[in-house]
Amino acid sequence: MAWHQVEIRLEPRPRGFHLVTGEIVAALAALPDLKRMRVGVAHLFIQHTSASLTINENADPDVRADMERWFDQAVPENAPYIVHTAEGSDDMPAHLKASLLGSSVSVPIRDGRLALGTWQGVYLGEHRDHGGSRTVIVTLTGE
Amino acid sequence: MAWHQVEIRLEPRPRGFHLVTGEIVAALAALPDLKRMRVGVAHLFIQHTSASLTINENADPDVRADMERWFDQAVPENAPYIVHTAEGSDDMPAHLKASLLGSSVSVPIRDGRLALGTWQGVYLGEHRDHGGSRTVIVTLTGE
Amino acid sequence: MAWHQVEIRLEPRPRGFHLVTGEIVAALAALPDLKRMRVGVAHLFIQHTSASLTINENADPDVRADMERWFDQAVPENAPYIVHTAEGSDDMPAHLKASLLGSSVSVPIRDGRLALGTWQGVYLGEHRDHGGSRTVIVTLTGE
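Protein chains in written order, with this note's numbering: chain A, 635 to 777; chain P, 635 to 777; chain C, 635 to 777.
Chain A with its partners taken away, still in its complex shape:
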């Protein structure tokens, strides 16, 4: 049984969805026990309320662009009922997108690696125009 935790900083990215599987895998690979872990769970948690983590297709970048376009029309800026606008018109929609998508994903570990499906990758949802660097806490446990 092992517990490990590491904080990683995702570099600033433009508004939209971004594949960050490589950064997550690298952070996990640096932990001492991953390779010999037979079964476990990796828990990824973003410490922000205007960005999100989700799992989706790791291949065609059009999927990420289409997701951004759908979310922008489903959660529009400058809707007449929005009161929380002091930090800009992108702020409250960012909070809504963050809760719709969620602040964490957890992925099973099997035989020393993330048991993602063939087409699955981890996305950062950057919902602010200028969100800056984002902090993710990676917690690994298993045996």
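Keep in mind that the hints were calculated from the coordinates and are not lab data. Note that the structure is a prediction, hence the values are computed from the model and not measured. The beta carbon of each residue, even a glycine, is placed where N, CA and C say it ideally should be. Heads up, a few of these hints could be off.
To be verified - Here are some, though not all, of the chain P residues that point toward chain A, as calculated from beta-carbon distances under 8 angstroms: (1) Val-673; (2) Asp-694; (3) Val-697; (4) Asp-700; (5) Tyr-715; (6) Leu-735; (7) Pro-742; (8) Arg-744; (9) Leu-748; (10) Leu-750; (11) Gly-776.
Given chain A, work out where chains P and C should sit, using these hints.
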């Protein structure tokens, strides 16, 4: 390695989003091992299908009010395609909101406390007009 | 402390929401330690980007049909901004629904069984017209 579980009852609240971080933290603090836990995960699970848990901004209450207004227009009552109306017009939208937001959140534990970001709090999404008290199962594990 | 993991195959189902609690419970029951586990967590992870797992009402099937109708109007096919259409008009909406609902659910274990609320069941969201069989990785840990 420790496992603890406690069931908490959130008092009845009106329809909308409510900050319940304090009640969660109090329940965790009552568990014997939290303070000496270096790393772990707290898992919060709501045993209902018309209420939800999510993480969002812990400061401006307008965020919670704006969230309620967005969800009310995105998942309207009395839509013509809704069949499940026996328990009232607020019931089926409540089920939809519950799945959009989710029935659980999990938060890393670091150095004896929830590793929430500065602006993060735990929200109860109360999606019924008269939902009553809500039960949350808090499971804590770590070392 | 125990860790167990099993991969299950959900049989092909038509597009829509389907109650799969029985298949999940059967997979868990086949694991050696469930019955004597006092406290733990069951983590269910679907290895696909066009299907999802969520928790909702286990009784009236109209809830599942209403959910399908809401998602179909909220995430329409053939929207003018959708570019990722090579695999059919149902593909990109399926990716969006998968992220809105999520690729995993985790449920506390209490006294040897899933601590679901009275009305809660596990749903498969099948978002493709012909999604085929779906793989779910069930990870059980507790003591």
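May I ask which of the numbered hints given earlier this structure violates, with the numbers listed in increasing order? 5, 9
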